[in-house]
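As a plain string of letters, each chain reads:
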Amino acid sequence: MLKVIKYEIRRFLKFYLILLFTCLFFFLVDINRHTVTSYQYQALIIEFITAFLAYYLIIKYIRDEYTDKKYLYIKSSLSPTQVFVGKLLTIIILSCSFLFIMTFFYNLKLYFLYKKHYLDFLRLNLDYTYLALIGREYKEWLYPLHFSLGIIYNTIIFYLMYTIYAKRRMKRYSKLSSIIISYFIPAGIFYVSNYFVKLLDKFFHFLDFSNLTPRVRAFSLREHLINILSINSLIILLVSLVLMVRYITRKRSDNQCEN
Amino acid sequence: MEIIKDTITFMYPDKLVFNDVDVTINKGEIYLLIGRNGTGKSTLLRLLGKIEPYKFKKHLIAEKDISYMPSDLSYYPYMRIIDLLKFYHDTHQNFSLEFAHTYLEEFQLKPNKMIKKLSLGEQKILNYLICLSKEAKLYLIDEPFPYVDLLNDEIFRKMIINKYDEEKTFIIATHQINEFEKLASYCLLIKSPETIECIPTDEIRNSVSLSVEDYFKEVMRDVKGY
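The listed protein sequences derive, respectively, from chains R and F.
In case it helps, the working numbering puts the first sequence at residues 190 to 448.
In case it helps, the working numbering puts the second sequence at residues 76 to 301.
Mixed in with the good hints, there may be bad ones.
Said to hold, decoys possible - 30 Å max Cα-Cα, derived DSSO-like pairs, lysine-lysine:
1) K249(R) / K161(F)
2) K259(R) / K257(F)
3) K258(R) / K257(F)
4) K360(R) / K90(F)
5) K360(R) / K266(F)
What the hints assert, rightly or not - Far from chain F, by Cβ distances over 12 Å, these chain R residues were calculated:
6) F204
7) Y262
8) V272
9) N296
10) L320
11) I341
12) Y351
13) S371
Simulated from the structure, these hints should not be mistaken for laboratory data.
The model shown is predicted, which means the values in this text are computed figures rather than measured ones.
For glycine and all other residues, C-beta sits at the position ideal for the given N, C-alpha and C.
Produce the complete structure using the sequences and hints provided.
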């Protein structure tokens, strides 16, 4: 698996470094302390670019499956699961390292502002800019971690959806049934995990989960929860399941695997 | 000794490729797989190589003992030839770096050359080299010759001779029959979805006054692509 990570990181290293240094260059050059919004939006842009990087890598890997690159690991001594996990870890390592490096330099910039122009720093109003850690308690430094966890979570779910789809197609299930299944399994995981977040919030007060909830709220997980838990969506989910269940086990007509 | 034996039925959603066709592969033989375009040569290789999911009644070769060369294989463009060989050495069991380096010199390929700068012929040579550098029991080679010059053709044959022993089986899908005719012991001719003929090459040479390639040209005139 480490071998996969090594070669896959090398594959994207050039792109990653160009993206990283371009962002750093523009972000560090832009130090006009009077433009309040630039500081607020820079944090947002870091989040967007990190998410873009993760999804770009996923799309690249999915695209590989439809080109000749799919043969690279064929007949190798690595199992398909090892290759899959290796690629997944590559996505996580690259996107999270990008996030942490950018956050570090963003905060370094804020730190100089904090030290030299404290009043301007206060004027920036960075309360809801979660990547801004300067002037906050250490406990609040967990906010960016929430964001990276969110990215990891979404990346895994997204990649899982594709893998379920690909595996089912490999076993010659029809396209429609594969799409339905690949959506329903992650939907179930979303449902359970969101419910779990709510339970943690409710029963484990000692975790002081409320401190972390602004970030959770920023992901609108609570809104997801409300939607998912509402009776209407449950009914829609059940009806769709009943309607679609006949397609789920449908196989392609060319299924010769059963001989 | 038979290593693969089955009656294959296989279809893509819009096309029947094989319909109850008997396939038998023996150990220690070199097969030429011949057929018109679109008759299923590459598909048959993928089935035999367990790349397409298919349950054979008899298939005695383990996954790790199969070496497969697809007709097209693209590598990561950042790699140099040497990186690619290391990649295969790291990720594939029984990959012989020594063998690869020996023939790299013979093909006059520079190890430090970037893969994206290789010509089509050089890429084909590299695919072939990687396929044969792996120690396997079944080699499946799909279209090795397009874009490759005459002198390298000779090295291709030499590599197979060096690699060959009674434990190894080679199946080569090609349109350039002349190149491998002398090496091959059998020709597998895909005539139709229902028929794959297995003809010993010696038999053709002894019974017909034509060369093997001319003989197959005559036979294939009656076979239509489907």
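Okay, the hints, checked on the actual structure:
| no. | hint | in the structure |
| --- | --- | --- |
| 1 | K249(R) / K161(F) | holds, 23 Å |
| 2 | K259(R) / K257(F) | violated, 33 Å |
| 3 | K258(R) / K257(F) | violated, 33 Å |
| 4 | K360(R) / K90(F) | holds, 18 Å |
| 5 | K360(R) / K266(F) | holds, 29 Å |
| 6 | F204 | violated, 10 Å |
| 7 | Y262 | violated, 7 Å |
| 8 | V272 | violated, 9 Å |
| 9 | N296 | holds, 32 Å |
| 10 | L320 | holds, 31 Å |
| 11 | I341 | holds, 24 Å |
| 12 | Y351 | holds, 18 Å |
| 13 | S371 | holds, 18 Å |
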